[in-house]
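**Q** Line by line, the protein sequences give chains L and R. Numbered by my numbering, the letters in the first sequence go through residues 204 to 504 in order. Numbered by my numbering, the letters in the second sequence go through residues 19 to 346 in order.
Be a bit skeptical, because a hint or two may be false.
Unchecked claim - List time: in silico EDC-like cross-link candidates among lysine to aspartate or glutamate, alpha-carbon distance up to 20 Å:
no., chain 1, residue 1, chain 2, residue 2
1, L, K267, R, D346
2, L, K267, R, D341
3, R, K72, L, E231
4, L, K267, L, E355
5, R, K291, L, D260
6, L, K220, L, E237
7, R, K291, L, E231
8, R, K203, R, D228
9, L, K496, R, D341
10, L, K256, L, D240
11, R, K331, L, D260
12, R, K331, L, D465
13, L, K256, L, E427
14, L, K333, L, D479
15, R, K76, R, E302
16, R, K72, L, D260
17, L, K312, L, D479
18, R, K251, R, E36
19, L, K496, L, E355
None of these hints come from the bench; they were simulated from the model.
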Amino acid sequence: MSEPTSALRLDVYKTYKLFVGGKFPRSESGRVYEVTDRKTGEWLANAPQGTRKDTRDAVSAARKAFGGWSGATAYNRGQILYRAAEMLQGRREQYTAEVAVSEGLTAKKAAPLVDAAVDRLVWYAGWTDKVAQIAGNANPVAGPYFNLSTPEPTGVVGVVAPQGGHGFSLLGLVSVLAPVIATGNTAVVALAPGAPLPGLSLGEVLATSDLPGGVVNLISGRTEDIAPTLASHADVNALDLAGIVAEEGPASAKDLEVAAADTLKRVLRPEPASHDWTTAPGTDRLLTFLETKTVWHPMGM
Amino acid sequence: MSSSPLSTSGLAASGLAEVASSEASLRRFLHGLPGIDAVGLQARAAGLGTRSIKTTAKAYAIDLAISMIDLTTLEGADTPGKVRSLCQKAKNPDPGNPDVPHTAAVCVYPDMVPFAKEALGGAPINVAAVATAFPSGRAGLPVKLADTAEAVAAGADEVDMVIDRGAFLSGRYLEIYELIAEIRKACERPDGTAAHLKVIFETGELVTYDNIRRASWLAMLAGADFIKTSTGKVTVNATPANTLVLMEAVRDFREATGIQVGVKPAGGIRTTKDAMKYLVMVNEILGDDWLTPDWFRFGASSLLNDLLMQRQKLASGRYSGPDYVTVD
Numbered sequence: 204m205s206e207p208t209s210a211l212r213l214d215v216y217k218t219y220k221l222f223v224g225g226k227f228p229r230s231e232s233g234r235v236y237e238v239t240d241r242k243t244g245e246w247l248a249n250a251p252q253g254t255r256k257d258t259r260d261a262v263s264a265a266r267k268a269f270g271g272w273s274g275a276t277a278y279n280r281g282q283i284l285y286r287a288a289e290m291l292q293g294r295r296e297q298y299t300a301e302v303a304v305s306e307g308l309t310a311k312k313a314a315p316l317v318d319a320a321v322d323r324l325v326w327y328a329g330w331t332d333k334v335a336q337i338a339g340n341a342n343p344v345a346g347p348y349f350n351l352s353t354p355e356p357t358g359v360v361g362v363v364a365p366q367g368g369h370g371f372s373l374l375g376l377v378s379v380l381a382p383v384i385a386t387g388n389t390a391v392v393a394l395a396p397g398a399p400l401p402g403l404s405l406g407e408v409l410a411t412s413d414l415p416g417g418v419v420n421l422i423s424g425r426t427e428d429i430a431p432t433l434a435s436h437a438d439v440n441a442l443d444l445a446g447i448v449a450e451e452g453p454a455s456a457k458d459l460e461v462a463a464a465d466t467l468k469r470v471l472r473p474e475p476a477s478h479d480w481t482t483a484p485g486t487d488r489l490l491t492f493l494e495t496k497t498v499w500h501p502m503g504m
Numbered sequence: 019m020s021s022s023p024l025s026t027s028g029l030a031a032s033g034l035a036e037v038a039s040s041e042a043s044l045r046r047f048l049h050g051l052p053g054i055d056a057v058g059l060q061a062r063a064a065g066l067g068t069r070s071i072k073t074t075a076k077a078y079a080i081d082l083a084i085s086m087i088d089l090t091t092l093e094g095a096d097t098p099g100k101v102r103s104l105c106q107k108a109k110n111p112d113p114g115n116p117d118v119p120h121t122a123a124v125c126v127y128p129d130m131v132p133f134a135k136e137a138l139g140g141a142p143i144n145v146a147a148v149a150t151a152f153p154s155g156r157a158g159l160p161v162k163l164a165d166t167a168e169a170v171a172a173g174a175d176e177v178d179m180v181i182d183r184g185a186f187l188s189g190r191y192l193e194i195y196e197l198i199a200e201i202r203k204a205c206e207r208p209d210g211t212a213a214h215l216k217v218i219f220e221t222g223e224l225v226t227y228d229n230i231r232r233a234s235w236l237a238m239l240a241g242a243d244f245i246k247t248s249t250g251k252v253t254v255n256a257t258p259a260n261t262l263v264l265m266e267a268v269r270d271f272r273e274a275t276g277i278q279v280g281v282k283p284a285g286g287i288r289t290t291k292d293a294m295k296y297l298v299m300v301n302e303i304l305g306d307d308w309l310t311p312d313w314f315r316f317g318a319s320s321l322l323n324d325l326l327m328q329r330q331k332l333a334s335g336r337y338s339g340p341d342y343v344t345v346d
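Make the full structure from the sequences, and use the hints.
**A** Listed below in structure tokens is the structure:
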């Protein structure tokens with residue numbers, strides 16, 4: 204018996220799948236689309252073409268997960284995000300290859316972007332138990348009351364992942380996703396249709412990081428199917444349009460904002476397509492998807 | 019042997035009145051019912067669940083389903099306040115939308131009946147009370163009769179009783195027949211009218227489809243107005259397949275006797291899609307005669323919110339969420 208020679212061995216291709224409710228389903232439509240190398244145009248993989256129905260299922264999963272995730276201690280959320288960073292670090296080679304083909308970079312240039320994504324997860328992991336200190340307050344009031352404001356998560360947040368800018372495919376995705384879930388929101392993410400592979404693989408990292416199913420849901424497919432579904436859905440509380448590029452039509456920022464206004468959603472407007480995702484993020488995204496609860500408590504009783 | 023509680027001539031004319039004359043003849047009859055092909059039954063139920071119902075038909079089905087709901091709260095933690103808010107919801111399921119139909123009934127424990135009657139006022143919504151040591155049915159006959167009498171005296175329009183599954187599984191059919199007949203008598207009011215009697219089988223505990231068919235015939239022979247699948251308190255509640263057995267039984271019973279009996283699946287029906295599968299089954303197996311709140315009911319609590327959300331989606335074009343319906 205000899206080892207099979209490499210010439211005889213069949214390639215085993217990875218079936219990329221959606222990440223919804225902690226599971227990896229195919230699209231309910233059964234459809235896929237071809238993902239190609241950014242630089243050479245060569246076929247890389249078939250990605251599931253997530254539909255409006257897939258998106259609605261993801262919203263239900265995110266809503267179901269919200270109670271548990273928003274009720275978890277900030278310390279626990281931080282641990283889980285840190286764990287995700289560890290898992291991402293452990294699969295650095297795979298992500299480097301996926302980022303390289305997704306953004307048309309060499310492996311040498313892609314590797315620091317993966318490292319930066321790991322660091323960003325760690326950075327947001329540290330923020331989970333500190334955000335209440337900067338967004339909350341003990342307010343001075345003219346009466347015998349303690350008056351305390353505390354930040355609470357908004358709810359289910361629809362996120363349109365970045366479609367351009369240096370490091371968008373993984374670092375950009377992590378930069379928009381981590382601040383949403385760090386504060387206790389749950390997310391439904393429309394991945395960049397041209398570069399979904401790092402995002403679809405990120406689901407595998409999140410699934411093995413003790414992140415409860417449904418906290419993050421990743422859908423690849425046409426932005427004009429997924430984004431309007433999120434914008435008009437009454438069970439989505441906020442919308443991050445980071446990756447919107449269309450100027451006109453149903454997937455344009457204007458149309459999405461109009462649809463979102465119908466159900467009174469908090470909306471974060473698109474980032475410019477040239478945004479450099481390696482720059483320090485600041486706390487803006489972290490503080491956007493929070494609602495302030497203020498409690499009056501009588502003094503001296 | 020107590021006398022048959024039925025005054026209807028249908029049963030006598032069909033010759034079925036005699037089957038309960040002794041334990042042996044009752045067993046002979048029930049075990050002589052044709053056996054059920056479980057695989058075929060499940061395939062039939064699954065097949066009927068694949069219909070696609072859209073637009074105006076869906077709008078009709080949603081409103082029909084709302085009007086068929088027995089809005090239920092059967093918790094140890096029920097309070098008069100919770101029952102009152104349930105009754106408000108039964109009267110006006112979607113406060114922002116007065117053209118939504120009211121539900122058929124509210125279903126509560128017997129001690130909550132007075133609060134429900136008061137909260138419903140003159141609204142054409144029945145109050146159903148679960149009686150006979152619900153949900154286990156593990157109590158002596160006097161206790162069960164007193165439980166039922168209390169509910170009826172408090173003004174319950176319908177009584178949901180449970181059968182003794184232990185007696186059924188050990189083959190003491192006549193005992194159950196007599197229990198149902200006694201409870202039926204306890205449902206009578208001084209003015210000569212009677213509360214509607216629904217008999218719960220707890221199909222999840224009857225093990226086989228053949229047993230469910232036997233229980234259905236047994237309850238109908240004993241004079242049930244409605245037969246109901248489950249209490250909602252065990253792991254397996256209403257499923258399309260076991261409800262299909264009940265439907266076939268009431269269809270065959272009317273064919274044999276001319277007496278129409280209602281069907282109520284209860285427990286585990288949470289989504290509009292589920293509800294519509296049941297409505298399709300009613301339409302296919304039983305026909306229009308049963309497609310009214312008088313002859314078909316859903317025992318449910320969370321189903322109503324899902325129906326309302328689907329209704330809002332049809333009206334507005336936007337998918338709705340739990341923020342837009344009342345919290346129970």
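**Q** Next, verify each hint and record whether it holds.
**A** Now the hints, each set against the structure:
no.: 1; hint: L:K267 <-> R:D346; verdict: 17 Å, holds
no.: 2; hint: L:K267 <-> R:D341; verdict: 13 Å, holds
no.: 3; hint: R:K72 <-> L:E231; verdict: 19 Å, holds
no.: 4; hint: L:K267 <-> L:E355; verdict: 17 Å, holds
no.: 5; hint: R:K291 <-> L:D260; verdict: 14 Å, holds
no.: 6; hint: L:K220 <-> L:E237; verdict: 13 Å, holds
no.: 7; hint: R:K291 <-> L:E231; verdict: 17 Å, holds
no.: 8; hint: R:K203 <-> R:D228; verdict: 28 Å, violated
no.: 9; hint: L:K496 <-> R:D341; verdict: 18 Å, holds
no.: 10; hint: L:K256 <-> L:D240; verdict: 28 Å, violated
no.: 11; hint: R:K331 <-> L:D260; verdict: 15 Å, holds
no.: 12; hint: R:K331 <-> L:D465; verdict: 13 Å, holds
no.: 13; hint: L:K256 <-> L:E427; verdict: 13 Å, holds
no.: 14; hint: L:K333 <-> L:D479; verdict: 26 Å, violated
no.: 15; hint: R:K76 <-> R:E302; verdict: 16 Å, holds
no.: 16; hint: R:K72 <-> L:D260; verdict: 19 Å, holds
no.: 17; hint: L:K312 <-> L:D479; verdict: 14 Å, holds
no.: 18; hint: R:K251 <-> R:E36; verdict: 35 Å, violated
no.: 19; hint: L:K496 <-> L:E355; verdict: 7 Å, holds
Of the hints listed earlier, those the structure fails to meet are numbers 8, 10, 14, 18, in rising order.
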